[in-house]
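> Assemble the complex: chain A is given as a structure, and chains B and C must be docked to it using the hints.
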Amino acid sequence: MPPFSRGFLGRRQSAATAGRLPPGQYETRDFPVLSAGPTPQTPLAKWDFALRGANGQIARWTWEEFTALPRQTTTKDIHCVTKWSKFDTVWEGISVDTLLSEAAAKGVASSPFVLARCDGGYTTNVPLADVTGGKAWVAFMYDGKPLPPEHGGPARLLVPHLYFWKSAKWVRELRLMENDAPGFWESLGYHNYGDPWREQRYAGDE
Amino acid sequence: MNSASSESHEPVVAGERLADARRVDGNAAAGILSEVFVQDLTAARAKCAGCGVTRTIGTLIVYAHGMGMVVRCPGCDRVMLRLARTPTHVWLDSTGATSIVISRDAS
Amino acid sequence: MSPGGSAPRIAWRLATVIDVVPETPRTRTLVLNVPGWPGHRAGQHVDVRLTAEDGYQAERSYSIASSPGDTRLSLTVERLSDGEVSPYLSEVLHAGDMLELRGPIGGYFVWDIPTGGPLFLVGGGSGIVPLMAMLRHRSAALATADARQRLPARLLYSSRRWDEVIYRDELARLAEKDPTLQVTHTLTREQPEGWSGFHRRIDRAMLEEVAWPASDQPRVFVCGPTPLVESVASSLVELAHQPTLIKTERFGPTGGAV
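Chain order of the listed sequences is A, B and C. Under my numbering, the first sequence is numbered contiguously, ending at residue 206. Under my numbering, the second sequence is numbered contiguously, ending at residue 313. Under my numbering, the third sequence is numbered contiguously, ending at residue 571.
Extracted from the complex, chain A is given alone in its bound form:
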């Protein structure tokens, strides 16, 4: 065990919020930016969003079409694997349930796994069951304002019940897949599923 640094507290949680914090987390009032690359700058006129089935069928929306879909506002706590948690974050976007049902009407078949693909090359994988039933959105507003680029704007995936690396920034496509395929961090030592309440941070946890 390394020696203690006298007086070093790191980040500390307050007793008031202890019940809302998953194990090993601390509360932050900031909104840290973690990036694997330069901030993509896709103009809205060129942006589109796709839901692609394993059968090859694709449903696609332009920005105008996307933002015209029935939207939801949701307030959630978010938890980053680097140990910060932020409470009561307010998002507005399209529920993935809505996207899936719109896509089904266009012939996109369902599959048990989803791979999110993003501008800049980032990917993350999630079981279909974790983005349905009101658990996930593609969000384009944060805190009542358009989602800024450094936080994933124009739109990001939001899956708040899992560690926040699953809420992929700059998302452009949800690809439905018959087989699970680990994404960017999942293939580099992080947990394939990422439940903060079971503290599934790294491959091999629990």
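It should be emphasised that the hints constitute simulated quantities derived from the structure, not laboratory data. If you're wondering where the values come from, they're calculated on a predicted model, not measured in any experiment. Just to be clear, a hint being listed does not mean it is correct.
[Claimed, not checked] The calculated label-pair distances, taken between Cβ atoms and stated as ranges, are: (1) 475(C) x 33(A): 27 to 37 Å; (2) 556(C) x 4(A): 37 to 47 Å; (3) 458(C) x 149(A): 50 to 60 Å; (4) 411(C) x 280(B): 35 to 45 Å; (5) 271(B) x 60(A): 44 to 54 Å; (6) 475(C) x 69(A): 53 to 63 Å; (7) 3(A) x 258(B): 41 to 51 Å; (8) 204(A) x 490(C): 14 to 24 Å; (9) 150(A) x 552(C): 25 to 35 Å; (10) 522(C) x 69(A): 24 to 34 Å; (11) 88(A) x 429(C): 23 to 33 Å; (12) 4(A) x 509(C): 46 to 56 Å; (13) 476(C) x 306(B): 41 to 51 Å.
[Stated by the list, open to error] Pulled from the structure, derived: some chain C residues nowhere near chain B, Cβ distances all over 12 Å: (14) 481; (15) 520; (16) 557.
In this text, a Cβ means the ideal position worked out from N, Cα and C, and glycines have one as well.
Below, chains B and C alone, put in the same frame as chain A:
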């Protein structure tokens, strides 16, 4: 990471790039790389699997934060190295670097 | 590459803080005793690791400020307002405390006498730290006027204000004693009354005025916030300096480790 597709739609890789203030360079990767390699890697040279240009690792662009480090080619932006450190392991993906050349002379 | 050869794996060591020296309102130097320190080269850095009582750890990198010849290791730390580690190192840590570190690290951004010159150093904010190690090394190693004449040096140093210039007095003393060392400051936000020096960010025109001509083939080291480093490096290449002679270290947005 980006699989080839016969479809015309592929996620667009960065349009106009912002002057990204969060990036540093390969010198920041030296500590974590020292857990993988015996020799110091900042003076080593790596060839980008994307554009084929060979550069000193200290000059590569590094995006580093609590989850890990992504080392990118300053020319074509391709990810050359990916590094993550868990409590028990260091993970290194070097598939973006065709070759890494390290001087045996420690000085 | 033979494991266990002439370059042993870098191990964590326990250093003792001997002294804490204020430099500017937001920076101070930690003077450390590191048992078994293997020595270092000017420009290298160390990783520092802090452990709280509950086991929580934070790690950051800091450039070594001291010359390779010093018996003590010095690190100069800038306190960042949103930092996790820097407030601890710049306010809480005091003489007698222990500090875990490993190093020296870095084989690219290094300069020693055999590398040669002339030497051109460009620093922004806390980017001065590794450059100061180079100047201290140069001063200690070049004992005669002749030796210095053969390896002259210029420093261009960008700071926001006069009272934020790290090592200000020492740089003045070094330059005064040594006519082969030229120190040029630029103050980008505020200048003291009567200031006749540069008062803008480093740009191509300033570099053209201050740097050695490209034909002299100077060894160049640029260190500081990422945008400054990239802008200076590009300008120097535009001024015909050879890219292979320009070495850079980007500290990120705040000019140092968070």
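> Please go over all the hints and tell whether each is borne out by the structure.
The hints, checked one at a time:
no.: 1; hint: 475(C) x 33(A): 27 to 37 Å; verdict: 32 Å, holds
no.: 2; hint: 556(C) x 4(A): 37 to 47 Å; verdict: 46 Å, holds
no.: 3; hint: 458(C) x 149(A): 50 to 60 Å; verdict: 55 Å, holds
no.: 4; hint: 411(C) x 280(B): 35 to 45 Å; verdict: 39 Å, holds
no.: 5; hint: 271(B) x 60(A): 44 to 54 Å; verdict: 32 Å, violated
no.: 6; hint: 475(C) x 69(A): 53 to 63 Å; verdict: 57 Å, holds
no.: 7; hint: 3(A) x 258(B): 41 to 51 Å; verdict: 47 Å, holds
no.: 8; hint: 204(A) x 490(C): 14 to 24 Å; verdict: 59 Å, violated
no.: 9; hint: 150(A) x 552(C): 25 to 35 Å; verdict: 33 Å, holds
no.: 10; hint: 522(C) x 69(A): 24 to 34 Å; verdict: 58 Å, violated
no.: 11; hint: 88(A) x 429(C): 23 to 33 Å; verdict: 59 Å, violated
no.: 12; hint: 4(A) x 509(C): 46 to 56 Å; verdict: 51 Å, holds
no.: 13; hint: 476(C) x 306(B): 41 to 51 Å; verdict: 45 Å, holds
no.: 14; hint: 481; verdict: 26 Å, holds
no.: 15; hint: 520; verdict: 19 Å, holds
no.: 16; hint: 557; verdict: 9 Å, violated
Checked against the numbered hints above, the structure breaks hints 5, 8, 10, 11 and 16 and satisfies the rest.
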